[in-house]
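So the chains spell out like this:
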Amino acid sequence: SQKIEQNSEALNIQEGKTATLTCNYTNYSPAYLQWYRQDPGRGPVFLLLIRENEKEKRKERLKVTFDTTLKQSLFHITASQPADSATYLCALPWGNYQLIWGAGTKLIIKP
Amino acid sequence: GAGVSQSPSNKVTEKGKDVELRCDPISGHTALYWYRQSLGQGLEFLIYFQGNSAPDKSGLPSDRFSAERTGGSVSTLTIQRTQQEDSAVYLCASTLGLPGLAGYEQYFGPGTRLTVT
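Top to bottom, those sequences are chains W and B.
This note's numbering runs 222 ahead of the 1-based position in the first sequence.
Just so you know, this note's numbering puts 95 at position 104 of the second sequence, and the rest follows in order with no gaps.
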């Protein structure tokens, strides 16, 4: 069956540095991948979508890459700020209407 | 405009009691999802509604769980005879179109934290 893996351990980054989060998947060839941000006590919020024919996507300080050979997406936050601290989730489509979700990686940006 | 709203935000109930969780999706969104999120776990798909089509209930963990969507808008998730393992955050999401190949993003409510004692 399909499986999505994200780093289960929290990622601690010093403010101003680049944070890199990983999303790996197996037994699957998704047409795209989505990244969401989730703050404590809130639902996930959509950040970026990257399609299988796109190698890289950028939005302000965010950059996502998609390597269909490695079956991996990397999510980068440059010039990180304490306000970027949150849990980041990746999601892939399954069938026509479902998304399957990673467990998320908690990012902590230290001032 | 208003986002997805859910109520109650927190619910503490005794084992064996029934609970109802409510979701108000974004106006105009035809698709509505219910998920369950346990600590350290990914979002677990429960049920999906699309317009007037029959819902996909394939993710409901047992027959104690049911959901309905009235008038293509508000949805209620009902858990009967609650068990301690039902304790989790229940999230509702709506979307303008099907994720499919188009990749429509999902808009989430704040969730209902259910605690079964």
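If you're looking for bench data, these hints aren't it; they were derived computationally from the structure.
A virtual CB, placed ideally from N, CA and C, is assigned to each residue, including glycine.
Watch out, some of these pointers could steer you wrong.
Label pairs and their computed distance ranges (CB to CB) [claimed, not checked]: (1) B/29 / W/284: 23 to 29 Å; (2) B/104 / W/237: 28 to 34 Å; (3) W/330 / B/-7: 27 to 33 Å; (4) B/88 / W/281: 30 to 36 Å; (5) W/305 / B/104: 37 to 43 Å; (6) W/274 / B/88: 16 to 22 Å; (7) W/225 / B/72: 41 to 47 Å; (8) W/333 / B/57: 31 to 37 Å; (9) B/49 / W/305: 20 to 26 Å; (10) B/-2 / W/284: 39 to 45 Å; (11) B/31 / W/296: 20 to 26 Å.
Dumping the calculated SDA-like pairs for lysine to any residue here, alpha-carbon to alpha-carbon at most 25 Å [what the hints assert, rightly or not]: (12) B/48 / W/291; (13) W/293 / B/80; (14) W/225 / B/6; (15) B/48 / W/320; (16) W/225 / B/43; (17) W/225 / B/35; (18) W/225 / W/291; (19) W/279 / W/263; (20) W/225 / B/80; (21) W/281 / B/35; (22) W/285 / B/53; (23) W/328 / B/80; (24) W/225 / B/48; (25) W/281 / B/94; (26) W/285 / B/49; (27) W/279 / B/53; (28) W/225 / B/96.
Simulated coverage check for chain B against chain W, where a stretch passes if three residues somewhere in it have a Cβ under 8 Å from a Cβ of chain W [to be verified]: (29) 30 to 43; (30) 63 to 70; (31) 95 to 103.
Comparing the hints with the structure gives:
For residue 29 of chain B and residue 284 of chain W, the Cβ-Cβ distance of about 28 Å falls inside the hinted range of 23 to 29 Å, so the restraint holds. Separation of residue 104 of chain B from residue 237 of chain W is about 31 Å and conforms to the stated range, judged on CB atoms against 28 to 34 Å. The supplied range of 27 to 33 Å is met by residue 330 of chain W and residue -7 of chain B, whose beta-carbon atoms lie about 32 Å from each other. For the pair residue 88 of chain B and residue 281 of chain W, the supplied restraint of 30 to 36 Å is violated, since their beta-carbon distance comes to about 21 Å.
Taking the beta carbon of each, residue 305 of chain W and residue 104 of chain B are about 24 Å apart, not inside 37 to 43 Å as hinted. In this structure, residue 274 of chain W and residue 88 of chain B meet the distance hint of 16 to 22 Å, their C-beta atoms being roughly 19 Å apart. For residue 225 of chain W paired with residue 72 of chain B, a C-beta distance near 32 Å fails the hint of 41 to 47 Å. Against the hinted window of 31 to 37 Å, the Cβ-Cβ separation of residue 333 of chain W and residue 57 of chain B comes to about 47 Å, which falls outside the hint.
Between residue 49 of chain B and residue 305 of chain W the C-beta distance comes to about 38 Å, which lies outside the given range of 20 to 26 Å. Between residue -2 of chain B and residue 284 of chain W the Cβ separation comes to about 32 Å, which falls outside the hinted range of 39 to 45 Å. Against the hinted window of 20 to 26 Å, the Cβ-Cβ separation of residue 31 of chain B and residue 296 of chain W comes to about 22 Å, which satisfies the hint. With a C-alpha separation of about 34 Å, the suggested pair residue 48 of chain B and residue 291 of chain W falls outside the 25 Å cut-off, and the hint is violated.
A C-alpha spacing of about 30 Å is found between residue 293 of chain W and residue 80 of chain B, which places the hinted pair above 25 Å, so the restraint is violated. Annotation: proposed proximity of residue 225 of chain W to residue 6 of chain B is violated, straight-line Cα distance about 33 Å (limit 25 Å). Taking the CA atoms of residue 48 of chain B and residue 320 of chain W, the gap is near 12 Å; set against the 25 Å cutoff, the hint holds. Restraint check for residue 225 of chain W and residue 43 of chain B: not satisfied, since their Cα atoms lie roughly 31 Å apart, outside the 25 Å limit.
Only pairs whose Cα atoms come within 25 Å are accepted, and residue 225 of chain W paired with residue 35 of chain B is accepted, the gap being roughly 13 Å. Distance restraint check for residue 225 of chain W and residue 291 of chain W: the Cα-Cα separation of roughly 16 Å lies within the 25 Å cut-off, and the hinted pair is therefore satisfied. Distance check on the hinted pair: residue 279 of chain W and residue 263 of chain W sit about 28 Å apart at the alpha-carbon level, beyond 25 Å; violated. Taking the CA atoms of residue 225 of chain W and residue 80 of chain B, the gap is near 22 Å; set against the 25 Å cutoff, the hint holds.
The hinted pair formed by residue 281 of chain W and residue 35 of chain B fails the criterion: a straight-line CA distance of about 28 Å is larger than 25 Å. Of the supplied pair hints, the one linking residue 285 of chain W and residue 53 of chain B is violated, its CA atoms being roughly 40 Å apart against a limit of 25 Å. A distance of roughly 17 Å separates the Cα atoms of residue 328 of chain W and residue 80 of chain B; the hinted pair therefore holds under the 25 Å criterion. Straight-line distance between C-alpha atoms of residue 225 of chain W and residue 48 of chain B comes to about 21 Å, which keeps the hinted pair within the 25 Å bound.
For the given pair, residue 281 of chain W sits about 17 Å from residue 94 of chain B by alpha-carbon distance, which is consistent with the 25 Å threshold. For the proposed pair residue 285 of chain W and residue 49 of chain B, the alpha carbon gap of about 35 Å is over 25 Å, so the pair is violated. Distance check on the hinted pair: residue 279 of chain W and residue 53 of chain B sit about 40 Å apart at the alpha-carbon level, beyond 25 Å; violated. Distance restraint check for residue 225 of chain W and residue 96 of chain B: the Cα-Cα separation of roughly 20 Å lies within the 25 Å cut-off, and the hinted pair is therefore satisfied.
Only residues whose C-beta sits within less than 8 Å of a C-beta in chain W count toward coverage, and the stretch 30 to 43 of chain B has 7 of them, enough to reach three; the restraint holds. Judged by the Cβ-Cβ criterion of 8 Å, the stretch 63 to 70 of chain B is not covered by chain W as claimed, because only 0 of its residues qualify and three are needed. Coverage of the stretch 95 to 103 of chain B by chain W holds. Counting CB-CB distances below 8 Å, 7 residues qualify, and the rule asks for three or more.
Hints 4, 5, 7, 8, 9, 10, 12, 13, 14, 16, 19, 21, 22, 26, 27 and 30 from the list above are not met by this structure, while the remaining hints are.
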